[in-house]
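Chain by chain, the residues run as shown.
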Amino acid sequence: AQSVTQLGSHVSVSEGALVLLRCNYSSSVPPYLFWYVQYPNQGLQLLLKYTSAATLVKGINGFEAEFKKSETSFHLTKPSAHMSDAAEYFCAVRSTGANSKLTFGKGITLSVRP
Amino acid sequence: AAGVIQSPRHLIKEKRETATLKCYPIPRHDTVYWYQQGPGQDPQFLISFYEKMQSDKGSIPDRFSAQQFSDYHSELNMSSLELGDSALYFCASSPFFAGGNEQFFGPGTRLTVL
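Line by line, the protein sequences give chains A and B. One point on numbering: in our numbering, the residue at position 15 of the first sequence is 217, and numbering is uninterrupted. One point on numbering: in our numbering, the residue at position 99 of the second sequence is 134, and numbering is uninterrupted.
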């Protein structure tokens, strides 16, 4: 079975500081990996995805993530946090089979201090 | 661009009542997924359909049933509602021949069981 682990439930950074949200996956085969963002009372929006092409993936809103097979990691980063980045972030994994379900991590709440 | 439509957006029911949630996928998307997100929880996969056939099943209670219709919209039927069914229910859609393509999420239906 595939799974993802997101360390910590809450991360707080100052505006302009580096954002680093950690995600480690467990999968017997190379997976597809995703980061989704959820703003309060809203749906899930895709930030970026890894689908076995480039290991460094750039997404929307200045976010990027690097797939590291040796570390089974897919950490999300942003060089400079903005107040509007405050939200819940979910890492998710799915198998490469068609119509495969997503398995989400527990999520990380990002707070941005002025 | 067209997005996934879910209705209703909010629903309040009493215990032991029934509820029907509807999902209209993005045009030309033939696969629909249902997820349940409890308060402060990560989304959990319930069930998915491809071409009107159930393609995968997750932790969906026996009290729940779902189907996909000829126009690809899907309905999640929930009976004998319990307090613990209060959650945000997401529908997502994707095209079948999508490889690592993402699932596009709707805004969700917030179900409150009193």
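These are calculated hints, taken from the structure and not from any lab test. Yeah, the Cβ is synthetic: ideal placement off N, Cα and C, and Gly gets one too. Hints may contain errors.
Listed next, the in silico DMTMM-like pairs over lysine to aspartate or glutamate satisfying Cα-Cα at most 25 Å (straight line) [said to hold, decoys possible]:
1. B/K48 with B/E86
2. A/K251 with B/E117
3. B/K50 with B/D77
4. A/K251 with B/D65
5. A/K271 with B/E137
6. A/K308 with B/D77
7. A/K251 with B/D91
8. B/K92 with B/D120
9. A/K251 with B/E137
10. B/K50 with B/E137
11. B/K50 with B/D91
12. A/K308 with B/E49
13. A/K308 with A/E273
14. A/K270 with B/D77
15. A/K270 with B/E137
16. A/K308 with B/D91
17. A/K260 with B/E110
18. A/K308 with B/E117
19. A/K308 with B/D120
20. A/K260 with B/D120
Taking beta-carbon pairs under 10 Å as the criterion, some of the chain B residues facing chain A (in silico) [stated by the list, open to error]:
21. Q41
22. S42
23. P43
24. P78
25. D91
26. D97
27. A122
28. F140
Verification of the supplied hints:
Proximity of B/K48 to B/E86 is assessed by CA-CA distance (about 31 Å); at most 25 Å being required, the pair is judged violated. For the hint pairing A/K251 with B/E117, the CA-to-CA distance comes to about 36 Å; that exceeds 25 Å, so the pair is violated. A distance of roughly 24 Å separates the Cα atoms of B/K50 and B/D77; the hinted pair therefore holds under the 25 Å criterion. Simply put, A/K251 and B/D65 have alpha-carbon atoms about 21 Å apart, close enough for the 25 Å limit, and the pair holds.
Straight-line distance between C-alpha atoms of A/K271 and B/E137 comes to about 21 Å, which keeps the hinted pair within the 25 Å bound. As the CA atoms of A/K308 and B/D77 are separated by approximately 5 Å, the hinted pair is consistent with the 25 Å bound. With a C-alpha separation of about 22 Å, the suggested pair A/K251 and B/D91 falls inside the 25 Å cut-off, and the hint holds. For the hint pairing B/K92 with B/D120, the CA-to-CA distance comes to about 18 Å; that is within 25 Å, so the pair holds.
Proximity of A/K251 to B/E137 is assessed by CA-CA distance (about 8 Å); at most 25 Å being required, the pair is judged to hold. Restraint check for B/K50 and B/E137: the C-alpha separation of about 35 Å exceeds 25 Å, so the hint is violated. A distance of roughly 28 Å separates the Cα atoms of B/K50 and B/D91; the hinted pair therefore is violated under the 25 Å criterion. Under the criterion of a C-alpha separation no larger than 25 Å, the hint pairing A/K308 with B/E49 is inconsistent with the structure, at around 29 Å.
At roughly 20 Å between alpha-carbon atoms, A/K308 and A/E273 fall within 25 Å of each other, so this suggested pair holds. Distance hint between A/K270 and B/D77 is fulfilled; the C-alpha atoms sit about 24 Å from each other, no more than 25 Å. A threshold of 25 Å between alpha carbons decides the hint, and for A/K270 with B/E137 the separation of about 20 Å falls inside it, so the pair holds. Restraint check: the Cα-Cα separation between A/K308 and B/D91 comes to about 22 Å, which is no more than 25 Å; the hinted pair holds.
A distance of roughly 35 Å separates the Cα atoms of A/K260 and B/E110; the hinted pair therefore is violated under the 25 Å criterion. Pair hint A/K308 plus B/E117 holds up; C-alpha atoms about 23 Å apart against a cutoff of 25 Å. Distance restraint check for A/K308 and B/D120: the Cα-Cα separation of roughly 19 Å lies within the 25 Å cut-off, and the hinted pair is therefore satisfied. Using a Cα cut-off of 25 Å, the hinted pair A/K260 and B/D120 is violated, with the two alpha carbons roughly 37 Å apart.
Hint status for B/Q41: holds, given a least beta-carbon distance of 9 Å to chain A, under 10 Å. About 14 Å separates the beta-carbon of B/S42 from the nearest beta-carbon of chain A, more than 10 Å, and the hint is not met. A hinted interface residue such as B/P43 counts as satisfied when its beta carbon comes closer than 10 Å to some beta carbon of chain A; here the least separation is about 14 Å, so the hint is violated. Checking B/P78 against chain A by beta carbon gives a least distance of about 5 Å; that is within 10 Å, so the hint holds.
With a least beta-carbon distance of about 6 Å to chain A, the hint placing B/D91 at the interface is held under the 10 Å criterion. At its closest, the beta carbon of B/D97 sits 19 Å from a beta carbon of chain A; the interface hint therefore is violated under the 10 Å criterion. Taking 10 Å as the C-beta cut-off, the interface hint given for B/A122 is violated, the closest approach to chain A being about 13 Å. The closest approach between the C-beta of B/F140 and any C-beta of chain A is roughly 4 Å, which is under the 10 Å cut-off, so the hint is satisfied.
The earlier numbered hints that this structure contradicts are 1, 2, 10, 11, 12, 17, 20, 22, 23, 26, 27.
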